[in-house]
Amino acid sequence: MLKKLIIFILTLTIYDLNAQVLNCKISGSFKEKTDYEFAHISNPETKKNLITRINDGKFNFTVAKPLEIEVCFLYFDKDSVSDYEELIKKWEGLQRPKMIAIEDAKIFVNSDAKTSVVEGGEFNTQISKFNQATRTRDLKIFLDVYPDSPLAITLLRANVILLKMPEYYDENEPSVPYNKLSERLKNSPQGMKIKKDLRL
Numbered sequence: 563m564l565k566k567l568i569i570f571i572l573t574l575t576i577y578d579l580n581a582q583v584l585n586c587k588i589s590g591s592f593k594e595k596t597d598y599e600f601a602h603i604s605n606p607e608t609k610k611n612l613i614t615r616i617n618d619g620k621f622n623f624t625v626a627k628p629l630e631i632e633v634c635f636l637y638f639d640k641d642s643v644s645d646y647e648e649l650i651k652k653w654e655g656l657q658r659p660k661m662i663a664i665e666d667a668k669i670f671v672n673s674d675a676k677t678s679v680v681e682g683g684e685f686n687t688q689i690s691k692f693n694q695a696t697r698t699r700d701l702k703i704f705l706d707v708y709p710d711s712p713l714a715i716t717l718l719r720a721n722v723i724l725l726k727m728p729e730y731y732d733e734n735e736p737s738v739p740y741n742k743l744s745e746r747l748k749n750s751p752q753g754m755k756i757k758k759d760l761r762l
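Under the working numbering, the sequence shown is numbered contiguously, ending at residue 762.
By construction, these hints were calculated from the structure, which means they are not laboratory data.
What you are looking at is a predicted structure, and each value in this text was computed from that prediction instead of being measured.
Treat the hints with care, as some may be off.
Claimed, not checked - When the alpha-carbon atoms are kept at most 30 angstroms apart in a straight line, the in silico DSS-like pairs for lysine-lysine are as follows:
{"no.": "1", "residue 1": "Lys-609", "residue 2": "Lys-627"}
{"no.": "2", "residue 1": "Lys-702", "residue 2": "Lys-676"}
{"no.": "3", "residue 1": "Lys-668", "residue 2": "Lys-595"}
{"no.": "4", "residue 1": "Lys-691", "residue 2": "Lys-742"}
What the hints assert, rightly or not - Pairwise CB distance ranges, derived in the manner of DEER restraints:
{"no.": "5", "residue 1": "Lys-757", "residue 2": "Asn-617", "range": "44 to 50 angstroms"}
{"no.": "6", "residue 1": "Gln-752", "residue 2": "Asn-617", "range": "35 to 41 angstroms"}
{"no.": "7", "residue 1": "Ser-744", "residue 2": "Lys-620", "range": "38 to 44 angstroms"}
{"no.": "8", "residue 1": "Glu-648", "residue 2": "Lys-702", "range": "36 to 42 angstroms"}
{"no.": "9", "residue 1": "Asp-706", "residue 2": "Asp-674", "range": "30 to 36 angstroms"}
{"no.": "10", "residue 1": "Arg-658", "residue 2": "Ile-703", "range": "21 to 27 angstroms"}
{"no.": "11", "residue 1": "Asn-585", "residue 2": "Ser-744", "range": "26 to 32 angstroms"}
{"no.": "12", "residue 1": "Lys-676", "residue 2": "Glu-599", "range": "16 to 22 angstroms"}
{"no.": "13", "residue 1": "Lys-640", "residue 2": "Pro-751", "range": "36 to 42 angstroms"}
{"no.": "14", "residue 1": "Lys-651", "residue 2": "Leu-584", "range": "32 to 38 angstroms"}
{"no.": "15", "residue 1": "Asn-672", "residue 2": "Asn-617", "range": "15 to 21 angstroms"}
Glycine residues also receive a C-beta, built at the ideal position from the N, C-alpha and C atoms.
Throw the hints in and build the complete structure from the sequences for me.
Next up, the structure:
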């Protein structure tokens, strides 16, 4: 009887874990006719690549929602090559990707990935704000608003080289944007790595 009860509890636990898996939908559409046949979402950290076919100028991804922020890059292509390294070599210098976060979002494509407009999602909004801050060469604008965002430290880590360029910070001091991070992020493994890379 006890053995049956344990099996029953384990079954319920597995079912409950499966029930907690949430999906998010990333859908997109081209404003004009396109020759691209496939949309790709690539993760440079995990080197994984998701592929979906473009039908009548539209594409859809249904992805497991990550527990933490996951930043990926959106590409378009005429074939369905899935190997990450092969894709990077092929795309290098040919097209500019669009940085997106894995969360519910709609993507409106003008002609290429880079100029696409992403609507929806807290982190995609933050990515847009970050890109605007880099264009105006003032990362502090972004960090003043999102000092404790997990995306803040992810993007800073990916753009450490910017922090070493005088035009992106005041008084030739690369620690200015870093110091705007919350103490929680500064003391995280990623925060400590950024500090080391900046030699602070």
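Comparing the hints with the structure gives:
1. Lys-609 - Lys-627: holds (17 angstroms)
2. Lys-702 - Lys-676: Answer holds: Lys-702 to Lys-676 is near 24 angstroms, not above 30 angstroms.
3. Lys-668 - Lys-595: Given that 30 angstroms is the threshold and the Cα spacing comes to 18 angstroms, the pair holds.
4. Lys-691 - Lys-742: holds (16 angstroms)
5. Lys-757 - Asn-617: 44 to 50 angstroms: holds (47 angstroms)
6. Gln-752 - Asn-617: 35 to 41 angstroms: Given range 35 to 41 angstroms: holds, Cβ gap about 39 angstroms.
7. Ser-744 - Lys-620: 38 to 44 angstroms: holds (40 angstroms)
8. Glu-648 - Lys-702: 36 to 42 angstroms: holds (39 angstroms)
9. Asp-706 - Asp-674: 30 to 36 angstroms: Roughly 31 angstroms apart at Cβ, these two residues keep to the hinted range, so it holds.
10. Arg-658 - Ile-703: 21 to 27 angstroms: holds (23 angstroms)
11. Asn-585 - Ser-744: 26 to 32 angstroms: Holds: the Cβ-Cβ distance is about 30 angstroms, inside 26 to 32 angstroms.
12. Lys-676 - Glu-599: 16 to 22 angstroms: holds (19 angstroms)
13. Lys-640 - Pro-751: 36 to 42 angstroms: For Lys-640 and Pro-751 the Cβ distance comes to about 40 angstroms; the hint holds.
14. Lys-651 - Leu-584: 32 to 38 angstroms: holds (34 angstroms)
15. Asn-672 - Asn-617: 15 to 21 angstroms: With Cβ atoms ~19 angstroms apart, the hint holds.
Hint compliance for this structure: no hint is broken.
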